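Colleague: Assemble chain B onto chain A, guided by the hints.
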Amino acid sequence: MSEKEVAASGAVEIMEEKELTPKERLKIPPVKMPEQDPKERIRNVNEVPYGYDEELAKTEAMRCLQCKKAPCIKGCPVEIDIPAFVQFILEGKYRESINKIKETNILPAVCGRVCPQEEQCQMVCIVGKSLKSVEEAVQIGKLERFAADWEMEQGEVEMPEIKPPTGKKVAIVGSGPAGLTVAADVRKEGHEVTIFEALHKPGGVLMYGIPEFRLPKAIVMREVENLQKMGVDLRTNMVIGKIYSIDELFEEEYDAVFVGTGAGQPLFMRIPGENLNGVYSANEYLTRANLMQAYSFPETDTPIARSKNVAVFGGGNVAMDAARTALRLGADNVYLVYRRSRKEMPARIEEIEHAEEEGVQFYLLQNPVRFIGDEDGWVTAIECIKMELGEPDESGRRRPIPIKGSEFKIEVDTCIVAIGNASNPLVPNTTPDIATNKWGNVVADSETLKTSKEGVFAGGDIVLGAATVILAMGQGRKAAVAINEYLKTGEW
Amino acid sequence: MNKILEKEFITSDVFRMRVEAPEIARKRKAGQFIILRTCDEGERIPLTIADANAEEGWLELVVQIVGKTTKALSLLEAGDSLCDLVGPLGRPTHIELYGTVVIIGGGIGIAPSYPIVQAMKAAGNHMISILGGRTKELVIMEDKMRATSDRVVITTDDGTYGMKGLVTDALQRLIDEGVKIDLVVAIGPPIMMKFVSLMTKKYDIPTLVSLNTIMVDGTGMCGACRVSVGGETKFVCVDGPEFDGHKVDFDEMMKRLRMYEEHEKESMERFASK
Numbered sequence: 422m423s424e425k426e427v428a429a430s431g432a433v434e435i436m437e438e439k440e441l442t443p444k445e446r447l448k449i450p451p452v453k454m455p456e457q458d459p460k461e462r463i464r465n466v467n468e469v470p471y472g473y474d475e476e477l478a479k480t481e482a483m484r485c486l487q488c489k490k491a492p493c494i495k496g497c498p499v500e501i502d503i504p505a506f507v508q509f510i511l512e513g514k515y516r517e518s519i520n521k522i523k524e525t526n527i528l529p530a531v532c533g534r535v536c537p538q539e540e541q542c543q544m545v546c547i548v549g550k551s552l553k554s555v556e557e558a559v560q561i562g563k564l565e566r567f568a569a570d571w572e573m574e575q576g577e578v579e580m581p582e583i584k585p586p587t588g589k590k591v592a593i594v595g596s597g598p599a600g601l602t603v604a605a606d607v608r609k610e611g612h613e614v615t616i617f618e619a620l621h622k623p624g625g626v627l628m629y630g631i632p633e634f635r636l637p638k639a640i641v642m643r644e645v646e647n648l649q650k651m652g653v654d655l656r657t658n659m660v661i662g663k664i665y666s667i668d669e670l671f672e673e674e675y676d677a678v679f680v681g682t683g684a685g686q687p688l689f690m691r692i693p694g695e696n697l698n699g700v701y702s703a704n705e706y707l708t709r710a711n712l713m714q715a716y717s718f719p720e721t722d723t724p725i726a727r728s729k730n731v732a733v734f735g736g737g738n739v740a741m742d743a744a745r746t747a748l749r750l751g752a753d754n755v756y757l758v759y760r761r762s763r764k765e766m767p768a769r770i771e772e773i774e775h776a777e778e779e780g781v782q783f784y785l786l787q788n789p790v791r792f793i794g795d796e797d798g799w800v801t802a803i804e805c806i807k808m809e810l811g812e813p814d815e816s817g818r819r820r821p822i823p824i825k826g827s828e829f830k831i832e833v834d835t836c837i838v839a840i841g842n843a844s845n846p847l848v849p850n851t852t853p854d855i856a857t858n859k860w861g862n863v864v865a866d867s868e869t870l871k872t873s874k875e876g877v878f879a880g881g882d883i884v885l886g887a888a889t890v891i892l893a894m895g896q897g898r899k900a901a902v903a904i905n906e907y908l909k910t911g912e913w
Numbered sequence: 006m007n008k009i010l011e012k013e014f015i016t017s018d019v020f021r022m023r024v025e026a027p028e029i030a031r032k033r034k035a036g037q038f039i040i041l042r043t044c045d046e047g048e049r050i051p052l053t054i055a056d057a058n059a060e061e062g063w064l065e066l067v068v069q070i071v072g073k074t075t076k077a078l079s080l081l082e083a084g085d086s087l088c089d090l091v092g093p094l095g096r097p098t099h100i101e102l103y104g105t106v107v108i109i110g111g112g113i114g115i116a117p118s119y120p121i122v123q124a125m126k127a128a129g130n131h132m133i134s135i136l137g138g139r140t141k142e143l144v145i146m147e148d149k150m151r152a153t154s155d156r157v158v159i160t161t162d163d164g165t166y167g168m169k170g171l172v173t174d175a176l177q178r179l180i181d182e183g184v185k186i187d188l189v190v191a192i193g194p195p196i197m198m199k200f201v202s203l204m205t206k207k208y209d210i211p212t213l214v215s216l217n218t219i220m221v222d223g224t225g226m227c228g229a230c231r232v233s234v235g236g237e238t239k240f241v242c243v244d245g246p247e248f249d250g251h252k253v254d255f256d257e258m259m260k261r262l263r264m265y266e267e268h269e270k271e272s273m274e275r276f277a278s279k
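Protein sequence lines correspond, in order, to chains A and B. The opening residue of the first sequence carries number 422 in our numbering; numbering runs sequentially from there. The opening residue of the second sequence carries number 6 in our numbering; numbering runs sequentially from there.
Rather than coming from a laboratory, the hints here were simulated on the basis of the structure. Treat the hints with care, as some may be off.
As the list claims (entries may be wrong) - Calculated cross-link-like contacts (lysine to aspartate or glutamate; reagent style DMTMM-like; alpha-carbon spacing at most 20 Å):
id, chain 1, residue 1, chain 2, residue 2
1, B, LYS32, A, GLU695
2, B, LYS260, A, ASP834
3, A, LYS550, A, GLU539
4, B, LYS252, A, GLU695
5, A, LYS874, A, ASP676
6, A, LYS589, A, GLU912
7, A, LYS729, B, ASP162
8, A, LYS650, A, GLU579
9, B, LYS260, A, ASP797
10, A, LYS460, A, GLU777
11, B, LYS141, B, ASP162
12, A, LYS638, B, GLU46
13, B, LYS239, A, GLU695
Claimed, not checked - A partial selection of chain B residues facing chain A, derived with a Cβ cut-off under 8 Å:
id, residue
14, LYS32
15, LEU94
16, HIS268
Claimed, not checked - Simulated DEER-style distance windows between Cβ atoms:
id, chain 1, residue 1, chain 2, residue 2, range
17, B, PRO211, A, GLU812, 46 to 56 Å
18, B, PHE276, A, ILE793, 32 to 42 Å
19, B, ARG178, A, GLU673, 42 to 52 Å
20, B, MET259, A, PHE689, 15 to 25 Å
21, A, SER873, B, PRO27, 27 to 37 Å
22, B, LEU262, A, GLU540, 35 to 45 Å
23, A, GLU673, B, LEU80, 32 to 42 Å
24, B, ALA59, A, ILE793, 46 to 56 Å
25, A, GLU777, B, GLY236, 31 to 41 Å
26, A, GLU875, B, ALA59, 22 to 32 Å
27, B, GLY62, A, MET573, 34 to 44 Å
Nothing here was measured: the structure is a model prediction, and the numbers come from that model. Beta carbons: idealized from backbone N, C-alpha and C, even for Gly.
This is chain A alone, in the form it adopts within the complex:
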């Protein structure tokens, strides 16, 4: 027996001996996922955590108390039956485990990696509550990833049953997490489904935004291929709002349309010098690196700045992704400039920690006021001002206030603006009868995701503003239920 097999049989033995008491379960420390060494990983784009093996997964699964009330289920935007899938892992029934997850989540390999579990299922986990630390909660996300990866390693993915054809057609605009979820749930009902994707590859933000080292693109492609095997038609290079309007999709005999076009419009800071060469939006930087694989230039054709000193502005996950990407592209120094303190950073703790481990230098309570350039139009420095925190603002976070006279400069050759995205205006602009709010987000009913236009549903970031993959999927699930109902009854 290999070392691993011995260890795995050990875990099984413990289980078989006797049912553990809750007290014993609470004594097991959370199982860490092995990771690439920070010094190594900043020289490659491979995924940072390796994932659990069977032994580690079973040990972690043992920590679950199998609560009757299971608050974790309600904590999950797609309401995965978490205790059930965890129990299956403990029993070594991995096929049953992944099937349980897939009852409500079509992208488990993705969600297991990028969901903010610490704010959802793991936040309400009784284990974490008992141990008075959300970090001590059952590592539900890591277990989900284990089950999903196990299935992929088997090479055979079980296809859900597709009901007989209904003769109805649904158009899905955008192949991000919301659109993919709707596609699966609507297709299962027997409707014909076409996904229209503007870019040359499907996946939306999973493909262009989230870096390879957090979410390998092969996983996204596999999930999309599974949808295609279910009979979903995918049309890339189709910009809805340009090649066809929403009304034209109805003329093309689609019976319902789902708009999931995301929050892809980058916000800039509107400070002097922002159009200097070397100043990127995070969207552009990440799209070049991820979707266009600029990290392989010149083997691939899309260029990206070769940087020495990079400043990233923002404190969210996208800022962390951009900073960590810059390191992997060879930057000597990466400064993350954020105007509030670490506590207010919207990024996941894990992402902040990873960035720090890798050597990203945090410049907190500082804000850029202008970009300084040379005569050829290249950025050479940024001028920042120090901030202090005042009273809480509308977002509940303490408002940063500039400290007069505290300006200073940082020498940089590349800047990445990661202060957020607005919703993509292409569809709303060309479909005036779809109502939007003052931020340009599409207005949709929170339960049915119906828009103001009959037959048109919307969900994900185009409705939520820049949010998360799982919230987009949660809306996608609700929208699919409503679309299926609408196609059955014809009632709006």
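Modeller: Structure of chain B alone, referenced to chain A:
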């Protein structure tokens, strides 16, 4: 997959390519553009549409070889396919009856001028076309432009064809002749558009320019194409490609176009050595 139907070289580094694209051919309007990739490792490059036929389902591109991707594109033959083609992108030219419209096409910029001349002519405008090139062979699409314009003026830098001089010299001559110009549309190298705009500003003639900046997605998602127009940042891909020439910061735009000069050179050399 979009099949290439025809390809021919117009000069040693300019070629015309007819591509199967029935949906785009039906939908595109004057002033719009496409983005294509030639291979899976390829970059996305924006190209203007020189002509299209909705019935026959094709687009025509006129391309100048300037880098690796355009070089690779030039090596494809009829029967080959493009890896990706997306469009139509950008806002169409605003077509209405202005009166007399002067369209100025410089070099490869003559190609996207042609659909605009067609549309403006159809709207009842008196069309004067100024076609400029460094030398005779770079004055392309002359027959098509003559067939749709009321008057054509040709300029070459070296005097090998038409009047010797720049397109601005031809424009100055029209103004001196007393032609009442209601709109100028200039498409060509940034430096040409800059000087046309400076001249028309002096005479208070409304001027549109069509910008061809660096882009990635072409749908407003990345901001690579941003330009300053009247002090405001605009995205060429979704707010343009046409802007008021009197408001565009051409100097900034020209600097931004050089952002990847080193990469482009390296990529081209690597490709040539293969």
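Colleague: Does each hint hold? Answer for all of them.
Modeller: Each hint, compared with the structure:
1. Proposed proximity of LYS32(B) and GLU695(A) is contradicted: the alpha carbons are some 35 Å apart, above 20 Å.
2. For the hint pairing LYS260(B) with ASP834(A), the CA-to-CA distance comes to about 15 Å; that is within 20 Å, so the pair holds.
3. This hinted pair checks out: LYS550(A) and GLU539(A) have alpha carbons roughly 12 Å apart, not beyond 20 Å.
4. The straight-line distance between the Cα atoms of LYS252(B) and GLU695(A) is roughly 18 Å, inside the 20 Å bound, and the hint therefore holds.
5. Straight-line distance between C-alpha atoms of LYS874(A) and ASP676(A) comes to about 13 Å, which keeps the hinted pair within the 20 Å bound.
6. Only pairs whose Cα atoms come within 20 Å are accepted, and LYS589(A) paired with GLU912(A) is accepted, the gap being roughly 14 Å.
7. Taken as a hint, the LYS729(A) and ASP162(B) pair is broken in the structure, with Cα atoms around 42 Å apart against an allowance of 20 Å.
8. Taken as a hint, the LYS650(A) and GLU579(A) pair is honoured in the structure, with Cα atoms around 11 Å apart against an allowance of 20 Å.
9. Distance check on the hinted pair: LYS260(B) and ASP797(A) sit about 7 Å apart at the alpha-carbon level, within 20 Å; holds.
10. At roughly 12 Å between alpha-carbon atoms, LYS460(A) and GLU777(A) fall within 20 Å of each other, so this suggested pair holds.
11. Simply put, LYS141(B) and ASP162(B) have alpha-carbon atoms about 9 Å apart, close enough for the 20 Å limit, and the pair holds.
12. A distance of roughly 15 Å separates the Cα atoms of LYS638(A) and GLU46(B); the hinted pair therefore holds under the 20 Å criterion.
13. Only pairs whose Cα atoms come within 20 Å are accepted, and LYS239(B) paired with GLU695(A) is accepted, the gap being roughly 12 Å.
14. Hint on LYS32(B) holds. Least Cβ distance to chain A is approximately 6 Å, under the 8 Å limit.
15. Below 8 Å, beta-carbon pairs count as interface contacts, and LEU94(B) has one with chain A at about 6 Å; its hint therefore holds.
16. Against a cut-off of 8 Å between C-beta atoms, the interface hint on HIS268(B) holds, since the closest Cβ of chain A lies about 3 Å away.
17. Between PRO211(B) and GLU812(A), the C-beta spacing of about 50 Å keeps the proposed range 46 to 56 Å intact.
18. Hint check: PHE276(B) to ILE793(A), Cβ distance near 36 Å, so the stated range 32 to 42 Å holds.
19. Take ARG178(B) and GLU673(A): their Cβ atoms lie about 51 Å apart, and the range 42 to 52 Å holds.
20. Taken as a hint, the range 15 to 25 Å holds for the pair MET259(B) and PHE689(A), whose Cβ atoms sit roughly 21 Å apart.
21. Look at SER873(A) against PRO27(B): about 33 Å separates their beta carbons, and that is inside 27 to 37 Å.
22. Against the hinted window of 35 to 45 Å, the Cβ-Cβ separation of LEU262(B) and GLU540(A) comes to about 43 Å, which satisfies the hint.
23. Between GLU673(A) and LEU80(B) the beta carbon distance is about 36 Å. The supplied range of 32 to 42 Å therefore holds.
24. ALA59(B) and ILE793(A) have their C-beta atoms about 51 Å apart, which keeps the hinted 46 to 56 Å range intact.
25. Checked against the hint of 31 to 41 Å, the pair GLU777(A) and GLY236(B) passes, with Cβ atoms roughly 39 Å apart.
26. GLU875(A) and ALA59(B) have their C-beta atoms about 30 Å apart, which keeps the hinted 22 to 32 Å range intact.
27. Under the hint 34 to 44 Å, the C-beta atoms of GLY62(B) and MET573(A), about 41 Å apart, fit the expected range.
Hints 1, 7 from the list above are not met by this structure, while the remaining hints are.
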